[in-house]
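**Student:** Going down the list, the protein sequences come from chains A and B. Heads up, the first sequence is in our numbering, so the first residue is -19 and it goes up one at a time. Heads up, the second sequence is in our numbering, so the first residue is -19 and it goes up one at a time.
Derived from the structure by calculation, the hints contain no laboratory data. One should not assume that every hint holds.
You can't tell identical chains apart in this list, so a pair holds if it fits in one copy or across any two.
[Unchecked claim] Here are the simulated DMTMM-like pairs of lysine to aspartate or glutamate, each with C-alpha atoms no more than 25 Å apart in a straight line:
(1) 29 with 128
(2) 29 with 42
(3) 29 with 97
(4) 1 with 97
(5) 29 with 68
(6) 1 with 101
(7) 1 with 27
(8) 19 with 116
(9) 19 with 152
(10) 19 with 42
(11) 29 with 122
(12) 1 with -12
(13) 1 with 30
(14) 19 with 124
(15) 29 with 152
(16) 19 with 122
(17) 19 with 35
(18) 1 with 128
(19) 29 with 101
2 protein chains.
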Amino acid sequence: MAQRNLREQLVDGGSRVIYEKGFHATSVNDIARAAGVPKGSVYNHFESKEALALEALRRYGDSYDLGVLRGDGAPLDRFRAFLSAVIERTVEHGVEQGCLLGNLSVEMATHEGPIRELAGEQLDAWGAAFATVLREAQATGDLDPTLDPGVLGDFLVDAYEGAVARAKLRRDRAPLDAFMATTFGRLLTP
Amino acid sequence: MAQRNLREQLVDGGSRVIYEKGFHATSVNDIARAAGVPKGSVYNHFESKEALALEALRRYGDSYDLGVLRGDGAPLDRFRAFLSAVIERTVEHGVEQGCLLGNLSVEMATHEGPIRELAGEQLDAWGAAFATVLREAQATGDLDPTLDPGVLGDFLVDAYEGAVARAKLRRDRAPLDAFMATTFGRLLTP
Chain A
-19 MAQRNLREQL
-9 VDGGSRVIYE
1 KGFHATSVND
11 IARAAGVPKG
21 SVYNHFESKE
31 ALALEALRRY
41 GDSYDLGVLR
51 GDGAPLDRFR
61 AFLSAVIERT
71 VEHGVEQGCL
81 LGNLSVEMAT
91 HEGPIRELAG
101 EQLDAWGAAF
111 ATVLREAQAT
121 GDLDPTLDPG
131 VLGDFLVDAY
141 EGAVARAKLR
151 RDRAPLDAFM
161 ATTFGRLLTP
Chain B
-19 MAQRNLREQL
-9 VDGGSRVIYE
1 KGFHATSVND
11 IARAAGVPKG
21 SVYNHFESKE
31 ALALEALRRY
41 GDSYDLGVLR
51 GDGAPLDRFR
61 AFLSAVIERT
71 VEHGVEQGCL
81 LGNLSVEMAT
91 HEGPIRELAG
101 EQLDAWGAAF
111 ATVLREAQAT
121 GDLDPTLDPG
131 VLGDFLVDAY
141 EGAVARAKLR
151 RDRAPLDAFM
161 ATTFGRLLTP
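All chains, please: the whole structure from these sequences, using the hints.
**Tutor:** Okay, structure coming up:
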């Protein structure tokens, strides 16, 4: 049980510091310090910094329940509620931290390995879930039927990640609000 | 003259390797190797890796002529031509490299200093230039006059950067094509 808690502490601390500094700028020492454990403990639980970051990214992805998009109510209402909740969570966590998935997907894009692969899979899963709810909105007549839900779903994932990145740089939620206003006021209309 | 050429070589080599690996993962050795010069030469020309990266980012920004957006012809035609040229240049350079500005803006967002500041200024300049051409399109009746050109201009900068980041991760230009299709087929209409 103590072992399990230590592992949790390491993933939590590692997440915080990788969020803040990025993967490459984070040392194993930084992770140990953030987790409040001795440096040696890191290697008792993870074979490498990469393995710890991978676990952090996996948990981050799992913490967003895309199933909410398939709930009750009008498709675009569900979609708006989902994105609003994601944005509020991002702002609450600290808009200057950005999105762990977005951060790692940019930083690790040219570094072969499991972090790049998992980031790609997670973004694809978001795009597919968005496409499904957009297709439902077309079926109920709430979205222009000539639009391609797959193209639009991926566009919205990318536009959202771009907005989080800008909000992170500016330390200001305005880009996220502009994303919502443009998406629901202009893009997703009959 | 030879000194000047060496400085150019360093900025070119440094750009290439920072593009590929990111700022933190790039060592001064990597830069020297990419530039084909001895390691000591780097410090003869730049006081730090940060100073070299800042110069690379400044030149990258300057290499995009936002003045083209103020040329002749219908505002949205100019805007489309500008974005198409930016995308073709990105693809030609290697879509897996992404956009130096976008890469650094994500990686350096939480690192205080001149790179973060310059990245913010460059993105703001793009947003302002986009807003101007969108305002002109409203004046000529080619764009819905109820849209806020400032909000939309910033949204498009962020959506573009998000699309480049996804294209970089996937090593595929499809996200850039989806950006153009959604922007000109849906967003920017009367």
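**Student:** Now tell me, hint by hint, if it's right for this structure.
**Tutor:** Checked hints:
Proximity of residue 29 to residue 128 under the C-alpha cut-off of 25 Å is found in neither arrangement, the shortest distances being 40 Å within a copy and 45 Å between copies. Taking CA atoms no more than 25 Å apart as the test, residue 29 paired with residue 42 passes inside one copy only; the shortest distance there is 20 Å, against 37 Å between copies. For a Cα distance limit of 25 Å, the shortest separation of residue 29 from residue 97 inside one copy, 16 Å, qualifies, whereas the shortest one across copies, 29 Å, does not. Taking CA atoms no more than 25 Å apart as the test, residue 1 paired with residue 97 passes in both settings, with 21 Å inside one copy and 16 Å between copies.
Taking identical chains as interchangeable, the C-alpha atoms of residue 29 and residue 68 are never at most 25 Å apart, the minima being 29 Å within one chain and 37 Å between chains. Within a single copy, residue 1 and residue 101 get their C-alpha atoms as close as 23 Å, and across copies as close as 21 Å, so both meet the 25 Å cut-off. Taking the closest pair of Cα atoms, residue 1 and residue 27 come within 25 Å of each other both inside a single copy (21 Å) and across two copies (23 Å). Taking the closest pair of Cα atoms, residue 19 and residue 116 never come within 25 Å of each other, the shortest separation being 50 Å inside a single copy and 59 Å across copies.
For a Cα distance limit of 25 Å, the shortest separation of residue 19 from residue 152 qualifies neither inside one copy, at 35 Å, nor across copies, at 40 Å. Taking identical chains as interchangeable, the C-alpha atoms of residue 19 and residue 42 are never at most 25 Å apart, the minima being 27 Å within one chain and 44 Å between chains. When the C-alpha separation of residue 29 and residue 122 is checked against a cutoff of 25 Å, the pair qualifies neither within a copy, at 46 Å, nor between copies, at 52 Å. In the homo-oligomer, the alpha carbons of residue 1 and residue -12 lie at most 25 Å apart inside one protomer (20 Å), although the nearest pairing across protomers, at 30 Å, exceeds that limit.
Taking the closest pair of Cα atoms, residue 1 and residue 30 come within 25 Å of each other both inside a single copy (15 Å) and across two copies (16 Å). Taking identical chains as interchangeable, the C-alpha atoms of residue 19 and residue 124 are never at most 25 Å apart, the minima being 56 Å within one chain and 58 Å between chains. Proximity of residue 29 and residue 152 under a CA criterion of 25 Å is satisfied in neither setting, with 30 Å inside one chain copy and 28 Å between copies. In this assembly of identical chains, the alpha carbons of residue 19 and residue 122 never lie at most 25 Å apart, being 55 Å within a copy and 61 Å across copies at closest.
Within a single copy, residue 19 and residue 35 get their C-alpha atoms as close as 18 Å, which meets the 25 Å cut-off; across copies the closest is 37 Å, which misses it. In this assembly of identical chains, residue 1 and residue 128 lie within 25 Å of each other by CA distance neither inside one copy nor across copies; the values are 37 Å within and 34 Å between. Taking identical chains as interchangeable, the C-alpha atoms of residue 29 and residue 101 lie at most 25 Å apart only when both belong to the same chain, with a minimum of 21 Å there against 33 Å between chains.
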